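Trainee: Whole structure, please, built from the sequences with the hints as guidance.
What follows is each chain in one-letter form.
Protein chains: 2
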Amino acid sequence: MKLESFVLGAWRSGASEGVALRDATSGELIAHATTDGFDMAAILEHARTVGGPALRETSFHERAALLRALGKRLLESKEDFYALSHRTGATRADSWIDIDGGIGTMLAFASKGARELPDGRVYLDGGVEALSKGGSFVGRHVCVSRAGAAVQINAFNFPVWGMFEKLAPAILAGMPVIVKPATATAYLTERVVRRIVELAILPPGTLQMIAGGVGDLFDHLGSQDVVSFTGSASTAVKLRTHPIVTRRSVRFIAETDSLNSSILGPDAGPGTAEFELYADEVVREMTVKAGQKCTAIRKAIVPATMLEAATAAIAERLAAVRVGDPRAPDTRMGPLASRDQRHEVLHRLEELRGESDLIHGDPHDPRLREANARGGGFLAPLLLRCRDAASASAVHSVEAFGPVATLLAYRDLDEAIELARRGDGSLAGSLFTADEKVAAHVAIGLAPFHGRLLVVNRHCAAESTGHGAPLAPLVHGGPGRAGGGEEMGGIRGVLHYMQRTALQGSPAMLAAIGGRWIRGATERDPGRHPFRKPFDELAIGDTFRSNARQITVADIEAFAALTGDNFYAHMSETEAARNPLFGSRVAHGYYLISAAAGLFVDPDYGPVLGNYGLDELRFVKPAKPGDWIKVRLTCKEKSLRADKGWGEVRWDALITNQDGETVASYDVLTMVSVHAVPDAAR
Amino acid sequence: MKLESFVLGAWRSGASEGVALRDATSGELIAHATTDGFDMAAILEHARTVGGPALRETSFHERAALLRALGKRLLESKEDFYALSHRTGATRADSWIDIDGGIGTMLAFASKGARELPDGRVYLDGGVEALSKGGSFVGRHVCVSRAGAAVQINAFNFPVWGMFEKLAPAILAGMPVIVKPATATAYLTERVVRRIVELAILPPGTLQMIAGGVGDLFDHLGSQDVVSFTGSASTAVKLRTHPIVTRRSVRFIAETDSLNSSILGPDAGPGTAEFELYADEVVREMTVKAGQKCTAIRKAIVPATMLEAATAAIAERLAAVRVGDPRAPDTRMGPLASRDQRHEVLHRLEELRGESDLIHGDPHDPRLREANARGGGFLAPLLLRCRDAASASAVHSVEAFGPVATLLAYRDLDEAIELARRGDGSLAGSLFTADEKVAAHVAIGLAPFHGRLLVVNRHCAAESTGHGAPLAPLVHGGPGRAGGGEEMGGIRGVLHYMQRTALQGSPAMLAAIGGRWIRGATERDPGRHPFRKPFDELAIGDTFRSNARQITVADIEAFAALTGDNFYAHMSETEAARNPLFGSRVAHGYYLISAAAGLFVDPDYGPVLGNYGLDELRFVKPAKPGDWIKVRLTCKEKSLRADKGWGEVRWDALITNQDGETVASYDVLTMVSVHAVPDAAR
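The listed protein sequences correspond, in order, to chains A and B. Residue numbers 3 to 684, in my numbering, belong to the letters of the first sequence in order. Residue numbers 3 to 684, in my numbering, belong to the letters of the second sequence in order.
Pairs count within a copy or across copies, as identical chains cannot be separated in the list.
No more than 20 Å apart at the CA atoms, straight line, and that leaves these computed lysine to aspartate or glutamate pairs for EDC-like:
#1 Lys-623 x Glu-650
#2 Lys-135 x Glu-465
#3 Lys-240 x Asp-221
#4 Lys-4 x Glu-19
#5 Lys-439 x Glu-639
Since the hints were derived computationally from the structure, they do not count as laboratory data. Here the structure is a predicted model, which means the values were calculated and not measured.
Mentor: Structure follows, in structure tokens:
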């Protein structure tokens, strides 16, 4: 059987015989994979000219809805994916991380996109920058979809999650995707893509998948393309120094496996909850996916005084781990992905043993011999202990990508930090402590060398997602050896597929380009009170200017009596005079914004459903008895909630005094119906 | 004379004779520069172990104060810098961009740092991420100083600005800097660094400067270092593919000169203000610094119908440009940086002339012959016109880095966009139009290919800083040919020198690490009302829990009468029933936060000076007559304004109802005196 690729809108297979893909348990042939003869330039161009334009027609919310629909439908087919996943060596629990975890990551991006991005195509990054005294010249940053293709090269260990954690942010950003799964487990990715193609939810050209090598694809990359790579550091170097990548400054995001540490705090001795949690976590990280995770704990760094106890606790748990057929429900750990992978791990193990002792597990466990003879990649979990952590080097540089970890002893916290830092850049680190001071010291010490840090204590352990799990809202990546890249991190991950551009010009021009009103831009006459206009009729710039109202001592006192807010600066001329900011009695800030609402609210039943909040309220100049205030309210930004029958409308509010000085500045957030007469019955 | 470098805390010169640096006007020898024999590994290590730790002891505000003090003192010496700057070929106006512009950029970062960063060492990036249902496990991102050295390699054209635009964000981030100016004009950088060293404002080891080649410095780079490079694309490729840079994922920021476009809008015909502004700007960009700017306009893209008029307007202005000794007050344009630079430009000119006609200026202007014979690099400004813009290629790829620009004609806006995009990634683009629709269409079309876009109309022209000027608050950089990097952009530029790390754990742990209270973290008993505690005595987590208060129709009506806010949902049971969100009569949101203040405010004179704002106010659940509300107020974050005698204190406020449900959530911002009894007289 020849594994097919989905390219140029159709399923195709390559010209040569290709690479043999085999079952991790039995060594049985599953398929051959090849992309020989593929026109990689045409595949890139298909993404750029068919997928990209179609995707960029849609808004962030529409793209989020595509991802949500896709995720929900894929969950219906997941048992099919689980069955195939066993062939990679994954147990049901391993497969849950890959399949449910992968689809869940896509759904998390769908949700982030709907909640945190506007119903538009331009993302506004940061606020307006004042570039001139007179205010006629301002700046702001926008992010727009890059006009190229996203080439996403994934590792063999998570054939489903690896695709979705990269694909979801790219689609949300408006970039078409070419997925290149690691060939060894591409059959599972292929099955999922086949289902995606059948569902026909994504616009044509948005997703292509090549099962096999990239061929000459890199020769055809352009400056608008993005390459996102997960895999070995050596392949990352090879790809990122490709002459086209460097000459055209192709954006290149690398996430490479790293040597990750977990530190047991000096307070977390035997008998504490944190000690038990630590031993559990080290064993979990060694055995999940048979330790084939780029985030797995490789260095278990424990106080020298607790070395024996930690060794015993971990060894005891390892002894209970059942290694075997990943399909069997009582199997805790399956085989490595292939026999080759097993040989590679054993080779690295020998390097590590030059300075560490093997203290638990037999690399040639006789119980696994028979299964391996049939072609399996089984390996017992192996715990090492470093003879002299301070002088060791292999433990900080050699990664055995399997169920292998090494214990290191530290004398004081600074040595623990130093031992973790010697990984020279890691994806993930963790610390088990109940002591906040220890946590602060270690976390700040480790942070420059880590992309993610987990602190576990008894209070969060039950809900903790664990050392090794990257999560959609948090960045995944790390400095140095970890590749220097970042993925995910919520909207941050979406922006990797967009171009940030600084805009400069008049407020009106920047409002026209960014779709958000800016102070100084044109104020439109809405024709009637803007609160009487349904969502679709409201225009950016629609402005209401109120009458003026005088601040009086009587009103201040009535407000204080009603609310109970008798702060001295409002209530006593003498006491207020002692306040260095006021000098004399001032109105309550809360009164000013309440009175401003009284000045701008249109009281009758209508399309404005309610005020759901205020943003960035600043009291700029105090208002004092005798002052007159008035308010300008301008429609600043609109974002439709198509499924809800209303949209969010942000209003720019400015309270000024009789001299035109700013008293208060804020955004008013309202929900506005798409109907002129909304009704509870709708 | 041998130019000295400032390394390892002392002024030193290299071992060999080195490169001869010459006056751009006369060819006269200024100095020799060499770094032969320098121990580059020691220089890097000096930054990392002396400068870095000293700088990281200080807070963002303290670093901002260092930069401000340094900038102010340097301005006192600027006439000395101006005198030397003429030797680079710069006129007084050119030098203003470099010297005042450079110091001004540093002062702008000082101001941004004081206003937008906290008085601490950890930058909190984004909000808290809920990672669990129960709330015991949360996430957030922090940015901390990278533990390495910032190696900053600058171009020859702005020896002062080039240093400060990179140095300021790095220092603010807490990273020590090694400046490597372009050797050709390093004597001016050296003069400024000499003054910086004399001033002794920066901590030892924070700033080193090497006047000459980088030697083997790259062989000693580590994973925590950052290289920030400005210069040619070919050098950028060479440096970014250095084996150490790729193997250790050294963060590498490149800004390379690019082919930048300026488009004349179809509405901006002869006779309009925008047409005149366009002709002025093209000429300014051709002549400032003799066109030696990486952001300069190289392609002037005009409507075909206006080609003749635009040619005439630009040529007329060019004819009035006086080229000569940069020291003479009536000189508009000085020489190129060197004779070699002139030869290089003439060489590129020939390439461009293969598809464009020279329509103004003589590359061998007899008026400049004598000065050039003495060793000067003088060149008259040269305007070309492309014979067929659509089929041309050199105009989109060959850069003559001097006073050279080419006119291209377009038929419609999409062709104009396409012609600009063919630069394949630019630092800056501009558009001259009075039409907002044109601006929106062109800007969105250009944005993916540009780091910065300027839109000029008659309203902003007087205050516009121009096509070529990078500004501290805006990103400087661009995709593709422009190098793919970003610098500046306000705080964004500071974060380039920091590591972003995702933290996960219990709310209390994350509060302890990040220095900001998080919901769910420990609530401290402040011992007394927290408003009675001066700034230094307030602790993060200090919490006040109020009594409850009942919502009544009488209070709602009194509030409406006092404020004038008679919105129907507050005033009429029947009308409110028609509102799909409320269903029945609700209290004003403004009333809820005002009553909450009544519940939490301590009325007597004391250290809390005032409430200067609210952030992220959200009304979550309506409060109705009969409901009881109460408020929890917790000290969330503190940032001292040491020079002002008070600090900013952010309080987390949560209004709940009788069922413990959230009614409203917001941050209250206050100024709190460092004194228990503040006084106007202080």
